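Residue numbers (the numbering used here), protein chains in the order written: chain D, 12 to 234; chain S, 10 to 112.
Treat the hints as calculated values from the structure; they're not laboratory data. Note that the coordinates shown come from a computational prediction; the quantities given were computed from them, not determined experimentally. All residues carry an ideal CB built from backbone N, CA and C; glycine is no exception. Honestly, I wouldn't trust all of these hints.
[Claimed, not checked] Label-pair ranges, simulated between beta-carbon atoms:
id, chain 1, residue 1, chain 2, residue 2, range
1, S, V100, D, G74, 38 to 46 Å
2, S, F33, D, S208, 20 to 28 Å
3, S, E55, D, V44, 39 to 47 Å
4, S, S36, D, L142, 40 to 48 Å
[What the hints assert, rightly or not] Computed footprint of chain D on chain S, listed as stretches where at least three residues anywhere in the stretch have a Cβ under 8 Å from a Cβ of chain D:
id, stretch
5, 16 to 27
6, 38 to 48
[Said to hold, decoys possible] With the C-beta cut set under 8 Å, the calculated list includes, among others, these residues of chain S facing chain D:
id, residue
7, V30
8, A34
9, S35
10, H67
11, Y68
12, A83
13, G87
14, I98
15, V100
Listed below are the residues making up each chain.
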Amino acid sequence: MHIPDGFLSTEVAVACAVPAAAAVSVGLSRANVDLDERRVPLLGVTAAFVFAAQMLNFPVAGGTSGHFLGAALAAILLGPWLACLVLAVVLLVQAFVFADGGITALGANVLNMGVIGALLVGGLMVGARALIGRGRTALLAVSAAGAWLAVMAGATTTSVELALSGTVPLGTVLPAMLGVHALIGIGEAVITVAAVSAVVATRPDLVGGVAPPRAEPVPVPAG
Amino acid sequence: MRSRLFLVVALALAIGLATAVSPFASSSPDGLERVAGDKAFVGQGELAPVQEDAPVPHYAFPGVANPRVATGLAGFVGTVLVFAAGYGIAVVANRRPVQRATP
Numbered sequence: 012m013h014i015p016d017g018f019l020s021t022e023v024a025v026a027c028a029v030p031a032a033a034a035v036s037v038g039l040s041r042a043n044v045d046l047d048e049r050r051v052p053l054l055g056v057t058a059a060f061v062f063a064a065q066m067l068n069f070p071v072a073g074g075t076s077g078h079f080l081g082a083a084l085a086a087i088l089l090g091p092w093l094a095c096l097v098l099a100v101v102l103l104v105q106a107f108v109f110a111d112g113g114i115t116a117l118g119a120n121v122l123n124m125g126v127i128g129a130l131l132v133g134g135l136m137v138g139a140r141a142l143i144g145r146g147r148t149a150l151l152a153v154s155a156a157g158a159w160l161a162v163m164a165g166a167t168t169t170s171v172e173l174a175l176s177g178t179v180p181l182g183t184v185l186p187a188m189l190g191v192h193a194l195i196g197i198g199e200a201v202i203t204v205a206a207v208s209a210v211v212a213t214r215p216d217l218v219g220g221v222a223p224p225r226a227e228p229v230p231v232p233a234g
Numbered sequence: 010m011r012s013r014l015f016l017v018v019a020l021a022l023a024i025g026l027a028t029a030v031s032p033f034a035s036s037s038p039d040g041l042e043r044v045a046g047d048k049a050f051v052g053q054g055e056l057a058p059v060q061e062d063a064p065v066p067h068y069a070f071p072g073v074a075n076p077r078v079a080t081g082l083a084g085f086v087g088t089v090l091v092f093a094a095g096y097g098i099a100v101v102a103n104r105r106p107v108q109r110a111t112p
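Produce the complete structure using the sequences and hints provided.
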């Protein structure tokens, strides 16, 4: 879903870059609140996993592929703001090192593939905690639904940005984008649930969604 | 200790996937590329000047003839680079005063 340069007007690119940069700077400023010492390396590992999984395009329908985005997974592991930071790191490296996704479109890509999904999943986690508690089932339900919805929301904002840029009419691009991403979103949900299950099974304390980082006393031996 | 083991395994998995599995991933256009082709705006896409000499353009490591090896190398380099960048940013952003209980 990486938008290359040339698809967006300057106005739309700037209008996307501003909220994207704001969300990333919230992530940066919250890092010392949301990350305890144990979870500092988790940010790097999550970013690495998201990058790697984004390379694994899977076939969906009729000569089309989809790939993992990772905003939902990162939001569940690290919270929504640090997830924005993770996706920004991934997309920045992809744009500058691999020429994947535009430079002026970087803000839009961070918004579509990072911020929108991360905040959506963050909101779902808050809602799920209130309604069905903090258990494993609630977490996996949010993982599945959140992953799919994050992809659909990203496809929607991408379509709106393309339409506002005058690149393609909304009525043309939106149904096409939602149609194909409804399938890609299933792949996103499968990968997200698998990854969250693996983390919950082995290291539940690393999952931000299971309990707030400092709700339980940290076992003492820190070294 | 367990924490470190988990993270090392997870990082190794990421590097392994990017290096050994990505060469066999689908090369079909992704959702947006497909829609851009179908709706005839894919031609508007362009590379930014700084991307003309991107170090590893389009996930193909330069100078490697075998396309699968070129992709796998690109995946390896990219995953290590993203890990280093993410870890580095987290360390710098996490410079809070150390909370240490007085013994």
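Requested in this report: Starting from the hint list further up, note which numbers the structure goes against and sort them upward.
Outcome: none
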